[in-house]
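Q: Build out the structure end to end from the sequences listed, making use of the hints.
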Amino acid sequence: MAKGEITLKISRYIPGKHQEAFLKEYKVPTSEGMMVLDALNYVREELDPSLAFRWSCRMGICGSCGMSVDGKPSLTCQDLINDHNDDNALIIAPLSNFPVIRDLVVDLTDFMEKLKKVKAWIIRDEDIPLSDGEHVQTPSQLMAFRNHSGCINCMLCYSACPIYGLDTKFIGPAAIALAYRYNLDNRDQGEKIRQPILSSPEGVWDCTFVGECTEVCPHGVMPAEAIQRLKLQFAKDMAFKTLMPWTKR
Amino acid sequence: MSSQPDKITDHSSRYRVPVTDSRLWWLKNRRYLSFMLRELSVLGVAIFLVVYLVQFAVLTSGQENYNQFLNFMKNPFWIAANVIFLAFAVLHSITWFNLVPVVTPVKIKGKEISRFILWGMGLIFWAGVSVIIAGIIMTFS
Amino acid sequence: MKLEPLLWGIFSAGGTIAAFVLPIHIFLNNVAPQLGWISADVVSYNTMANLLSHQLVKIYIICTFIMMFYYAVHRFSFVPQELLFNISHKTTARVGQVLLSIFAVATLIIVIAAP
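Residue numbers (the working numbering), protein chains in the order written: chain B, 1 to 249; chain Z, 250 to 390; chain A, 391 to 505.
What the hints contain is simulated information worked out from the structure, not anything from laboratory work. Honestly, I wouldn't trust all of these hints.
As the list claims (entries may be wrong) - With a cut-off of at most 27 Å between alpha-carbon atoms, the simulated DSSO-like pairs for lysine-lysine come out as follows:
#	chain 1	residue 1	chain 2	residue 2
1	Z	277	B	72
2	B	236	A	392
3	Z	323	A	448
4	B	169	A	480
5	B	192	Z	277
6	Z	358	B	9
7	Z	277	B	24
8	B	169	B	236
9	A	392	A	448
10	A	448	B	119
11	B	241	A	392
12	B	236	Z	360
13	A	392	B	116
14	B	236	Z	356
15	A	448	B	117
16	A	480	B	117
17	B	241	A	480
18	B	192	A	392
19	B	116	B	192
20	B	241	Z	356
A: Structural data, given as structure tokens:
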């Protein structure tokens, strides 16, 4: 039960001012339904205006407020204070595996580059003329990729992935899941274009199916599933190409 | 990208907190731990297969040698090791059938079969195959 | 590596085989008779010699053993890196290939020659 107050230990780092990151303690009054993000905003508004962190929608859809809470990647606007033990200090750190710009703000350039690399958008050989009207997509065609389209780019999956931690060349869970989402979209014709990028050593083959990405994803995107399905698809494609080179796949 | 990194916005050289900060990073949570155990369990598979192969080789060399090998198989440390190998092999089997829907959607008439049912079917097949193999081996003895 | 999709496919097949047949073989050969749960006849010279004299049994052993060993070697080739050792996957894969080749040749020779 809430005692009425919780201690936060927040990672502080201001480049130029500090040599390395350190934990600073803040005491925050709590209330029913309070989120970790609310506590952070209290710190910034009432205790220490120099604290820097990203946030926006407060409702788990923008993907800005991802941070490491007690060692676990978490969307702080969805993380209830009451879910944590009041007696211990809550440790808040920047998302793992990303370069830290300042305090709790990380640099996401690497992911942005990867989104471009896998071409996470509709690719068409030719756009249909406006006079033809809209692309038609039945409900079942939508369901084929719908859960993978729920990605809010919060980067919790990259933070959870030990493979990305070992090697940032790995394209990573969200980018691959999004590429898969577009492959599955019936409006898209870019599967062959994405294949060499996805079937590269930095693509799906770097993944050893730890599965933590699916576990931490706040929107059920299931990136681990997308990656394993791509592995099987590429294996089947190679088998067909080798054994029956005349088939068009 | 530009050849000169922009001094203000190039953060790639800044420190980061890696998940894999120490050799024992996989002790951080239950899923990392079961992942690493899964990876390490294949050592048991390899050792079991190699020793089984040795058993066949000794078989060829004659009944006396083979009976000595049977004594080795009764060594309590070796039995204990095999109980561990067996436990991991069973765990491997039970969790393997969870992977079927992960690598491919399984549909009948357009509807996806429930993951639990797929898992159950896998277990039933596993039991069936085990019974058949046991039956064949027991018939010979 | 270009062959990675195929290697993963074979790896998955090996893992599937292991899921179906590995437990029963460990149980019947290395655990149950030694703990007295079933008669030790199952691993006796006569039983084994009889079993291994059949062509089908030989083929079964050769196929399943090599596939399962490949599964083990492929999975383990990623472990040194995951444990932060400074060994590239290229190196561990090479070592794995050598071990697999030795194992495969040994399996063929031993099983064909038995009993």
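Q: Within a Cα-Cα threshold of 27 Å, do residue 448 of chain A and residue 117 of chain B meet the stated pairing?
A: Violated: residue 448 of chain A and residue 117 of chain B sit about 49 Å apart, past 27 Å.
Q: Between residue 392 of chain A and residue 448 of chain A, is the straight-line Cα distance small enough, at 27 Å or below?
A: Violated, because 33 Å separates the two Cα atoms, which is more than 27 Å.
Q: With the threshold set at 27 Å, check whether the alpha-carbon distance from residue 116 of chain B to residue 192 of chain B stays at or below it.
A: With Cα atoms ~16 Å apart, residue 116 of chain B and residue 192 of chain B stay inside 27 Å; holds.
Q: Taking 27 Å as the top limit, are the C-alpha atoms of residue 241 of chain B and residue 356 of chain Z close enough?
A: Holds. Residue 241 of chain B to residue 356 of chain Z sits at ~25 Å (cutoff 27 Å).
Q: Run the distance test for residue 192 of chain B versus residue 277 of chain Z: straight-line Cα separation, threshold 27 Å.
A: Given that 27 Å is the threshold and the Cα spacing comes to 39 Å, the pair is violated.
Q: Sort out whether residue 392 of chain A lies within 27 Å of residue 241 of chain B, counting only the CA atoms.
A: 13 Å, holds
Q: Assess, step by step, whether the Cα of residue 241 of chain B is no farther than 27 Å from the Cα of residue 480 of chain A, and give holds or violated.
A: 25 Å, holds
Q: Against the 27 Å threshold, does the CA-CA distance of residue 323 of chain Z and residue 448 of chain A hold or violate the hint?
A: 25 Å, holds
Q: Below or equal to 27 Å on CA atoms is what counts here, so check residue 480 of chain A against residue 117 of chain B.
A: Holds. Residue 480 of chain A to residue 117 of chain B sits at ~25 Å (cutoff 27 Å).
Q: Does residue 236 of chain B lie within 27 Å of residue 169 of chain B when you go C-alpha to C-alpha?
A: 25 Å, holds
Q: Does residue 192 of chain B pair with residue 392 of chain A here, judged by a C-alpha cut-off of 27 Å?
A: 16 Å, holds
Q: Below or equal to 27 Å on CA atoms is what counts here, so check residue 448 of chain A against residue 119 of chain B.
A: 50 Å, violated
Against the hints set out earlier in the document, violations occur for numbers 5, 6, 9, 10, 15.
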